[in-house]
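Enquirer: What follows is each chain in one-letter form.
Number of protein chains: 4
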Amino acid sequence: MEKKLKVGIIGAGRIGKIHAENIVKKFGYVEVKAIADVYADKIKDFAQSLGIKNVYDNYKKIIDDPEIDAVIICSSTNTHSQISIEAANAGKHIFCEKPIDYDVERINAVLEAVKRAGIKYQVGFNRRFDHNFKKVRELVKDGKVGDVQIVKVTSRDPAPPPAEYVKVSGGMFLDMTIHDFDMVRYLTGSEVVEVYANATVLVDPAIGEAGDVDTALISLKFKNGAIGVIDNSRRAAYGYDQRVEVFGSKGKAEAMNDTPTTVVLSTEDAVTSDKPKYFFLERYMDSFADEMKEFFDAILNDTPTPVSAIDGLKPVLIGLAAKKSFEEGKPVVLVE
Amino acid sequence: MEKKLKVGIIGAGRIGKIHAENIVKKFGYVEVKAIADVYADKIKDFAQSLGIKNVYDNYKKIIDDPEIDAVIICSSTNTHSQISIEAANAGKHIFCEKPIDYDVERINAVLEAVKRAGIKYQVGFNRRFDHNFKKVRELVKDGKVGDVQIVKVTSRDPAPPPAEYVKVSGGMFLDMTIHDFDMVRYLTGSEVVEVYANATVLVDPAIGEAGDVDTALISLKFKNGAIGVIDNSRRAAYGYDQRVEVFGSKGKAEAMNDTPTTVVLSTEDAVTSDKPKYFFLERYMDSFADEMKEFFDAILNDTPTPVSAIDGLKPVLIGLAAKKSFEEGKPVVLVE
Amino acid sequence: MEKKLKVGIIGAGRIGKIHAENIVKKFGYVEVKAIADVYADKIKDFAQSLGIKNVYDNYKKIIDDPEIDAVIICSSTNTHSQISIEAANAGKHIFCEKPIDYDVERINAVLEAVKRAGIKYQVGFNRRFDHNFKKVRELVKDGKVGDVQIVKVTSRDPAPPPAEYVKVSGGMFLDMTIHDFDMVRYLTGSEVVEVYANATVLVDPAIGEAGDVDTALISLKFKNGAIGVIDNSRRAAYGYDQRVEVFGSKGKAEAMNDTPTTVVLSTEDAVTSDKPKYFFLERYMDSFADEMKEFFDAILNDTPTPVSAIDGLKPVLIGLAAKKSFEEGKPVVLVE
Amino acid sequence: MEKKLKVGIIGAGRIGKIHAENIVKKFGYVEVKAIADVYADKIKDFAQSLGIKNVYDNYKKIIDDPEIDAVIICSSTNTHSQISIEAANAGKHIFCEKPIDYDVERINAVLEAVKRAGIKYQVGFNRRFDHNFKKVRELVKDGKVGDVQIVKVTSRDPAPPPAEYVKVSGGMFLDMTIHDFDMVRYLTGSEVVEVYANATVLVDPAIGEAGDVDTALISLKFKNGAIGVIDNSRRAAYGYDQRVEVFGSKGKAEAMNDTPTTVVLSTEDAVTSDKPKYFFLERYMDSFADEMKEFFDAILNDTPTPVSAIDGLKPVLIGLAAKKSFEEGKPVVLVE
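From first to last, the protein sequence lines stand for chains R, E, D and P.
First residue of the first sequence? That's 1 in the UniProt record's numbering, and the numbers climb one at a time after it.
First residue of the second sequence? That's 1 in the UniProt record's numbering, and the numbers climb one at a time after it.
First residue of the third sequence? That's 1 in the UniProt record's numbering, and the numbers climb one at a time after it.
First residue of the fourth sequence? That's 1 in the UniProt record's numbering, and the numbers climb one at a time after it.
Since the hints were made in silico from the structure, they are not lab data.
All of these numbers come straight from a predicted model, not from anything done at the bench.
Heads up, some of the hints might be wrong.
[Claimed, not checked] Below 20 Å or equal to it, Euclidean Cα-Cα: the simulated EDC-like pairs (lysine to aspartate or glutamate) are:
1. K277/D x E138/R
2. K134/R x D147/R
3. K3/E x D45/D
4. K134/P x D258/R
5. K135/R x D258/P
6. K134/R x D311/R
7. K26/D x D41/D
8. K324/D x D258/P
9. K25/D x D274/E
10. K293/R x E138/R
11. K293/P x E21/R
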């Protein structure tokens, strides 16, 4: 490659730093030209350690830099749609952390801007790049399970967020289940057409007081006739539980949890093995690099991104329907 | 034991024969005094091979035999409630195959007769005696998973029944899922208070034409606040899939399938292991003897049977609610 | 079948009782006409409960009964060869518990008697009939692992025998490993040509004082060029450990332990699953019936028994070679 | 840290490149000041891509650079001992790929030079840093398996090396098993005192013609009384098979293979799961970084390295004893 792809990273919180580090260390053909964060002072050492020369406190400097080909949006959720639109208007390719927005109109505005600008847009549903789930998807795609009939996703966190976070999170369906809504679309290759949310507060009363739920079973119908269920808990005592199962006319494909080791200890008392990898950073670390690779590939080869702006919209629509279903106590049909 | 317990078996189809054989071979303290079947001629050889002396074509001879302490009702479903009432009135203890009936009033009539007669009544929900599910229940009971929050049951048959059978079966929820409704009550130790059935026809169109479904996800709410889901298919290509998971505040207990062997073959092509045991006769064979043992124990020690007449009623009520939910497309509340 | 096969059981200790019960309950075409035990009084109730009419204190009554077709020899080891010869001379088919004898000349005398009489002779190496090991053998036989290159057998008991037993046991190689010597012959379909025993006392010093070992690794060479290893311990804290692995040019087949249930409990502390089935009665119960079935089949169909008298001799020869190897501290070649 | 640790890498073949990349990308506190390779031209691009400024064709320039604190020796095996001595004499800390040498006298010369110079010396037995084996070692160290009685190592390659390589490899015991000899010392925390090698040619006749073996079972005795066995094959059809088991008075700890995914596919034909990770680069990638981290820690904290020069000598002694055992057909005692 003659010329390096130049990117700017907007927002240098936990996930922004992960992306920065992955790009610098793993993609020799990409240069992180600048990183922007409202607390620019706090990230100077970090930027320097990676050899990133420009650190801004205003992301607009990145948008305005004509040399920058693509932006990685990792700022706070409420800024995603606005920055997406500005970056699209400036002709930058965009990788945007999920969700684009919780407001459907604002997401639609992003979709329009992206279309108008003709740029690449990818949403950060990193779990699609998890080695296990990717293999299940490949088996489904290759027809190994036949016609999909039932899809099941288990998604449980090791510990609940603080109630303060819950209040501003958009609710469990949009904050946590949104990944699972994307997952069922990815695994089945079909759209959700009906949702019924069976949800409750069993983990932490404070979550209920904050107006949210922490335990849920979401029953789904798909356009292709399949049915599905997602089960969520904000707290699994044994750690991060992330499994999927796709059942079809020819069989089933199941992805179990990853564990730190394969070691089994057998004693007079018990046969014990490892708990799942602790949380998303441990479980999904590789997927953050892999999604980035595919984003750059899409730019360089001018191919569609693997998780488009539409893929950013759909899970929000399902999440809003789940919320409505829970509030009304009955299934909600999604209009296409 | 001085005197043997004397039992009569009513109905000598597949399951009646299994019970007869188990009793004769495994319970030295029980004598099968008589066996009745409308096709008495056809079972004479069978009876003789087990040393059962009396073979009747009319079950009333068993009911009328004052020497007989208990009856095992394995006749066709539509006769269960009637024979139960007659046997109760005659003061016999009763083991009755599931379901008691599909009609709630007739079940209630049985409940009254049983109460009046003061006899032991046990319903044939044999899966409670499966080694795997029993252990999960024990772990739950011993508090090992903490407060139950989510219960999941996977129950899939290896092959669908003929459409003719489907027509008279009472429908999948009452014919197949009824076992799973019993299982969730058993595992959680709580009652189902709401049901939502997400069901469809994906296995065999003939089942749909017969007015039934063959694939379902049934979402449940329990009195103790827990939620649950059952997934059913009339056809799993890889065989009989019978798993449960109970998730609670302290962890989860999962029962996987049984397999014929533990052998794993690793070659250049693949790593392969056994499919589940083929069907219910293979998977649940031991449970048929174990439920019988506990029935006899209840009689001999004058203790409650492990699966009471009420336990026969409840799953029918849930099944009827599931049917209604499916027809109406919304959740149905069960009145206590 | 017109006429039932008539058998006599000689020796009614634990294993004799198991065979008696299996035959009475599982083989309708076989009649246990008599059972003999030096303590005849003690087994009368047992015999009666199974409907066995003749109970003798002298096995010769069985040998002398012209109606009896076959004898099952379960008496103490030191009587096996003598009774085998007498029974063969009387024209009875013989099932003899392992080992035939620890003395090669006496085994050879049995072999000659068997040959002369032209009767069926089967040795009780029941593990060949274990569902797991049988499947491994079938995979090997069907060429699924290719040419056998390495065979590994793990065989560990849950608890050591008392030192008094050890003294008269013939030593670990002949008492315990003998099963494994049979297993490697069975799995590979080849003969052992060299043995090196690396053995020691690590479990119980009293076993060492009794002149025996309790922990061993036995390295083997086979006629077909394969190599193998058996590892033994008289005490595995977690229970009965019985696994095999056959590695060949096309892959490997492994048999893991059986467990009471498939249940896995995941908590904050650990992920725990079942220990292996406790001991040989739990693990190999079915194999005792299956070996008997094949013995009767061989008689009825006049086909070779699956474990011949030669199969009774060979493991003793390997065991004696292992003993010599341990004493001399070097490999011992087996002369054919 | 004020000042960065400066290292020079000697030899830039596959493993040299891995170390270079790991150091540059993962250890911000270490600077790769120079890299030397006899084919310096061929690695210039590689060095540049990592920002390594100095590329030499003569390693002596690294030895002579007073600024360089430590050297990483990844050159061809026959140069390890010579370069080690020169680097030690120059006062550099040394990380040396295994083996130090196949000649015991030359290894002893290295040991002396290291002692004289008082520098840190670490040998590249990377498998000690594998997540699975490390956990087994920790369980053993923490007393979870009690006193070690039996150790078993399975170590099989996915494909044999070419016969030309075999000729100069030092033989399987020194080329391949040497890792396993290190592993049993690591796992047991004890020294091997006797070796018996049961080995043969079953994979490739060309290996036999080159004077080597390709299939082996190596029986071991340890100073602490334990016994052990290593099984090797140069070709496992299903891939890289790397497992260990430590059995002791309190139980056993087993490390299974790593697999690319946890996905299980169940169909009418079979239940299939992943083969092991393909080869050592896949399986042990993380261990290469982890051993380097501990080397740098030892330098910076002035603590002993986790794999000392003595740890480099011992496996060679065992390998030579195994070779002798194979040639003589009997066990060989190792003199301390």
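Enquirer: If a hint holds in the structure, say so; if it doesn't, say that too.
Expert: Verification of the supplied hints:
no.: 1; hint: K277/D x E138/R; in the structure: 38 Å, violated
no.: 2; hint: K134/R x D147/R; in the structure: 18 Å, holds
no.: 3; hint: K3/E x D45/D; in the structure: 16 Å, holds
no.: 4; hint: K134/P x D258/R; in the structure: 18 Å, holds
no.: 5; hint: K135/R x D258/P; in the structure: 16 Å, holds
no.: 6; hint: K134/R x D311/R; in the structure: 16 Å, holds
no.: 7; hint: K26/D x D41/D; in the structure: 26 Å, violated
no.: 8; hint: K324/D x D258/P; in the structure: 41 Å, violated
no.: 9; hint: K25/D x D274/E; in the structure: 29 Å, violated
no.: 10; hint: K293/R x E138/R; in the structure: 18 Å, holds
no.: 11; hint: K293/P x E21/R; in the structure: 19 Å, holds
The structure is inconsistent with the numbered hints 1, 7, 8 and 9, although it conforms to all the rest.
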